[in-house]
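Just so you know, the sequences run in chain order A and B.
Counting from 1, one number per residue, gives the positions in the first sequence under our numbering.
Counting from 1, one number per residue, gives the positions in the second sequence under our numbering.
Keep in mind the hints are simulated off the structure, nothing from the lab.
Incorrect hints may have been included.
Straight-line C-alpha distance at most 27 Å; calculated DSSO-like pairs for lysine-lysine [unchecked claim]:
no.: 1; chain 1: A; residue 1: K7; chain 2: B; residue 2: K279
no.: 2; chain 1: A; residue 1: K288; chain 2: A; residue 2: K261
no.: 3; chain 1: B; residue 1: K472; chain 2: B; residue 2: K279
no.: 4; chain 1: A; residue 1: K7; chain 2: B; residue 2: K441
no.: 5; chain 1: A; residue 1: K104; chain 2: A; residue 2: K249
no.: 6; chain 1: A; residue 1: K133; chain 2: A; residue 2: K197
no.: 7; chain 1: A; residue 1: K135; chain 2: B; residue 2: K472
no.: 8; chain 1: A; residue 1: K319; chain 2: A; residue 2: K249
no.: 9; chain 1: A; residue 1: K203; chain 2: B; residue 2: K279
no.: 10; chain 1: A; residue 1: K135; chain 2: A; residue 2: K249
no.: 11; chain 1: B; residue 1: K260; chain 2: B; residue 2: K445
no.: 12; chain 1: A; residue 1: K60; chain 2: A; residue 2: K104
no.: 13; chain 1: A; residue 1: K104; chain 2: A; residue 2: K133
no.: 14; chain 1: A; residue 1: K7; chain 2: B; residue 2: K260
no.: 15; chain 1: A; residue 1: K133; chain 2: B; residue 2: K472
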Amino acid sequence: MNNFFYKLIAFVFVVVLLQVVLVYYFLPLSPQIKLLDEYLQKKYQIIYFGDSIIQFSDEKDIDRSSVVDMINKINSQYSIGDVSFPAYDSGVYEAMMDYISRSKNRPQVIIIPIGLRSFSPEWDRRPFYQFEKEKFILSNRIPLAPYFFKFFATLRLVDVNPISQQQFLETPVYYGDDQIGTVSYFENNERFANITKENIRDKYIYSYMAPITINHRKIESLENLLSIANKSGIKVYVYITPLDYKNGKEFVGSDFMNQTKANADFICNVVIKNNVECFNLAFDFDSKYFSHPEYPSEHLNQHGRGLLAEKINKLILNKIDD
Amino acid sequence: MLFNSFSFFVFFPVVTSLYFLLPHKYRWALLLGASCLFYMAFIPYYILILFLTIGIDYFAGIKIEQSTGSRKKWYLIISIVSTCLVLIIFKYYNFFGANIQAIADFFHWNYSVKLLSIILPIGLSFHTFQSLSYVIEVYRGNQKAEYNFSIYSLYVMFYPQLVAGPIERPQNLLHQFYEKHLLDFNRISEGLKMMLFGFFKKMVIADNLAMYVNEVYGKVNLYDGHTLLLATFFFSIQIYCDFSGYSDIAIGSAKVMGFKLMDNFKNPYMSLSIGEFWKRWHISLSTWFRDYVYIPLGGNRVSTFRLYFNLVFTFALSGFWHGANWTFIIWGLIHGLSLAGSNLIEKFVKINFSTYIKRISVLVVVFVSWIFFRANNLNEAFYIVKKSFISIFAFNLNINNILLPLYNYTSRTGIYLVFLICLTLVLSAIEVVDYKYGLLKRINKSRPWIRYAIYVIAVLSIMNLGVTQEIKFIYFQF
Numbered sequence: 001m002n003n004f005f006y007k008l009i010a011f012v013f014v015v016v017l018l019q020v021v022l023v024y025y026f027l028p029l030s031p032q033i034k035l036l037d038e039y040l041q042k043k044y045q046i047i048y049f050g051d052s053i054i055q056f057s058d059e060k061d062i063d064r065s066s067v068v069d070m071i072n073k074i075n076s077q078y079s080i081g082d083v084s085f086p087a088y089d090s091g092v093y094e095a096m097m098d099y100i101s102r103s104k105n106r107p108q109v110i111i112i113p114i115g116l117r118s119f120s121p122e123w124d125r126r127p128f129y130q131f132e133k134e135k136f137i138l139s140n141r142i143p144l145a146p147y148f149f150k151f152f153a154t155l156r157l158v159d160v161n162p163i164s165q166q167q168f169l170e171t172p173v174y175y176g177d178d179q180i181g182t183v184s185y186f187e188n189n190e191r192f193a194n195i196t197k198e199n200i201r202d203k204y205i206y207s208y209m210a211p212i213t214i215n216h217r218k219i220e221s222l223e224n225l226l227s228i229a230n231k232s233g234i235k236v237y238v239y240i241t242p243l244d245y246k247n248g249k250e251f252v253g254s255d256f257m258n259q260t261k262a263n264a265d266f267i268c269n270v271v272i273k274n275n276v277e278c279f280n281l282a283f284d285f286d287s288k289y290f291s292h293p294e295y296p297s298e299h300l301n302q303h304g305r306g307l308l309a310e311k312i313n314k315l316i317l318n319k320i321d322d
Numbered sequence: 001m002l003f004n005s006f007s008f009f010v011f012f013p014v015v016t017s018l019y020f021l022l023p024h025k026y027r028w029a030l031l032l033g034a035s036c037l038f039y040m041a042f043i044p045y046y047i048l049i050l051f052l053t054i055g056i057d058y059f060a061g062i063k064i065e066q067s068t069g070s071r072k073k074w075y076l077i078i079s080i081v082s083t084c085l086v087l088i089i090f091k092y093y094n095f096f097g098a099n100i101q102a103i104a105d106f107f108h109w110n111y112s113v114k115l116l117s118i119i120l121p122i123g124l125s126f127h128t129f130q131s132l133s134y135v136i137e138v139y140r141g142n143q144k145a146e147y148n149f150s151i152y153s154l155y156v157m158f159y160p161q162l163v164a165g166p167i168e169r170p171q172n173l174l175h176q177f178y179e180k181h182l183l184d185f186n187r188i189s190e191g192l193k194m195m196l197f198g199f200f201k202k203m204v205i206a207d208n209l210a211m212y213v214n215e216v217y218g219k220v221n222l223y224d225g226h227t228l229l230l231a232t233f234f235f236s237i238q239i240y241c242d243f244s245g246y247s248d249i250a251i252g253s254a255k256v257m258g259f260k261l262m263d264n265f266k267n268p269y270m271s272l273s274i275g276e277f278w279k280r281w282h283i284s285l286s287t288w289f290r291d292y293v294y295i296p297l298g299g300n301r302v303s304t305f306r307l308y309f310n311l312v313f314t315f316a317l318s319g320f321w322h323g324a325n326w327t328f329i330i331w332g333l334i335h336g337l338s339l340a341g342s343n344l345i346e347k348f349v350k351i352n353f354s355t356y357i358k359r360i361s362v363l364v365v366v367f368v369s370w371i372f373f374r375a376n377n378l379n380e381a382f383y384i385v386k387k388s389f390i391s392i393f394a395f396n397l398n399i400n401n402i403l404l405p406l407y408n409y410t411s412r413t414g415i416y417l418v419f420l421i422c423l424t425l426v427l428s429a430i431e432v433v434d435y436k437y438g439l440l441k442r443i444n445k446s447r448p449w450i451r452y453a454i455y456v457i458a459v460l461s462i463m464n465l466g467v468t469q470e471i472k473f474i475y476f477q478f
């Protein structure tokens, strides 16, 4: 009997040890969290909660530096750490803010860009962009638990798919107050393989034309993260990411400007209400600064990233010491 | 409760520990309570349906034993009809309704059938067959009627095999609830090893392959013949690992507590004939149909024509048992006709084919039949057969289309596809070793460090290579 239990305990011990080693060296939990830890350890002054726009570079770009690298080139006075996820998600940013607020080495400033498109069902509800793993690791306080994240998720102890693919496809898509279909129509429609004026128009509607309201879960998370920042004394700056408004206006018409302006103003009002500065850069960039004219995108080319870096330096970095 | 859930990882050690801590006379109560809890984790009030069939067959069993002549037969018929009625209402009513409606529409009759909107109680077909097995065996005099209602309930509800078998016979299981099972660490260790390999097959191999299969079979029109062919190949591995994995966990968890359940799988893909395949695949069901359908129909002691009819009919019925859809009936017919065909060939053509040809022929038949088993409807099944067949002769592989099913799950589609292919190779290796030497026997004979390395790798694979989507056991739907 004892022999059996000794063997079992030894077996469990070896499995736990190997699991920790395996995850630590070969299956990193999250590159973003690893970076965040590194920045906190090295006491960086500014942390940038980025999305794909920060890192993206066009094939034609000669300078493929990220926005943060470009800011560093313009202004080397501050150490800036870039924690960019593939898509903007205030839920994971909220978890990051909470994690940072618990750290001894808090940064002086956190910069948060907000993409208007990320509020659309296209991005907000996409199962691939829920970042539940990162949220679990950041909010977990049990030692070693993150090393067993995959196992917990496999056993559904942690729900990494709060939105199933089916639920995502059934999400309604709005143009103003009118429902014009579901995500399924836009995602599983062969029609959109062709680049036509009508298709680009519909893609813009899909990405931008739903009104953002106080009940949007991303707004709730945004308010939470600003509240955590205020409580822990971390200075936050928010800006609305530039969008190709000229293209949007050309394909959708004046409705596009009305809706996106209302959405950007709504977000900034929420931010300002929480005593945080908000810069609306949504309509500051001409179409030539964007990478893909054939579909809605906030990805900037080299010149666009350069211009954005200059604006961030001027609007935010130059203000830090004031 | 799913075996591959956190609840079960808590439930199993707690129930097993309590089982050995309790005196023998209270163990039945623990097992019955645990089985109710296990079943009620799905849809709690469906347990009433289960107890309804248990109640009917419990009293029928006693009445059958106490009666003689036509009265005895009538009790059996009442029991079979009422047990099957539950199955018909929940599982087959809509199928018959929809088909009657289709016939009425075809002949322009003014007739409308109201279809039911109900969820099928989990494992209904399994425990119905286990109940039927009991009353038939009591009727035949091979089993004494069980007078203890709790023990009879436990026979139907024993949690390891409640929702997907193995479908036990009363002679094998009932008496085990009266036996005192001692704490035997060798047996516990063997049971845990079986469970470990069951979890590996289900959580690592079957669930990963399911990601590809579900996507392709969910939108067949989007995919090329090669993709459909690959998805069907993956499904043939998935269903085997899913179901045999379940059976391993069921048999292993029962073994830990000292119960011996019947084998359900014996390397079916190594079979040399369709007949042999059915002696190795879902053994508890194929023997059920043999004992309670095929033999009562006359078995092989009848005219040649009747013999082949019996074979094909039994297999078609077996297909219908799986699901209320024509796809399952066609699946059963493919197996029945193949078996009848191979018997005919053996009778008239005296050629000794090599084992490779025999094995490949079996795999081809089984492979094609899986298309019907997995497809959502007959149109899609025939579409897949047609496209897959054409693709065999087309050499222009569209890699993008082959990778397309994985785009929703991972950004590294190529690597994931290679991983899926590797999983099929891992299973092939396991099957060859198991077929030749017996997997656990071979492992037990190897050096301790190799043995433990295998266990550690299996556990680490389960912990790191499983999928995070909930993928239920395929046979739970039956």
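Hints, verified against the model:
1. A:K7 - B:K279: violated (37 Å)
2. A:K288 - A:K261: holds (20 Å)
3. B:K472 - B:K279: holds (26 Å)
4. A:K7 - B:K441: It holds: about 20 Å lies between the C-alpha atoms, which stays within 27 Å.
5. A:K104 - A:K249: Violated: A:K104 and A:K249 sit about 47 Å apart, past 27 Å.
6. A:K133 - A:K197: Violated. A:K133 to A:K197 sits at ~39 Å, over the 27 Å cutoff.
7. A:K135 - B:K472: Measuring from Cα to Cα gives roughly 26 Å; hence the hint holds.
8. A:K319 - A:K249: Roughly 33 Å between the alpha carbons, so the hint for A:K319 and A:K249 is violated.
9. A:K203 - B:K279: violated (56 Å)
10. A:K135 - A:K249: Since the Cα atoms of A:K135 and A:K249 sit roughly 37 Å apart, the hinted pair is violated (cutoff 27 Å).
11. B:K260 - B:K445: holds (23 Å)
12. A:K60 - A:K104: At roughly 42 Å apart (the allowed maximum being 27 Å), A:K104 and A:K60 break the hint.
13. A:K104 - A:K133: Distance of about 24 Å is within 27 Å: holds.
14. A:K7 - B:K260: Since the Cα atoms of A:K7 and B:K260 sit roughly 25 Å apart, the hinted pair holds (cutoff 27 Å).
15. A:K133 - B:K472: holds (22 Å)
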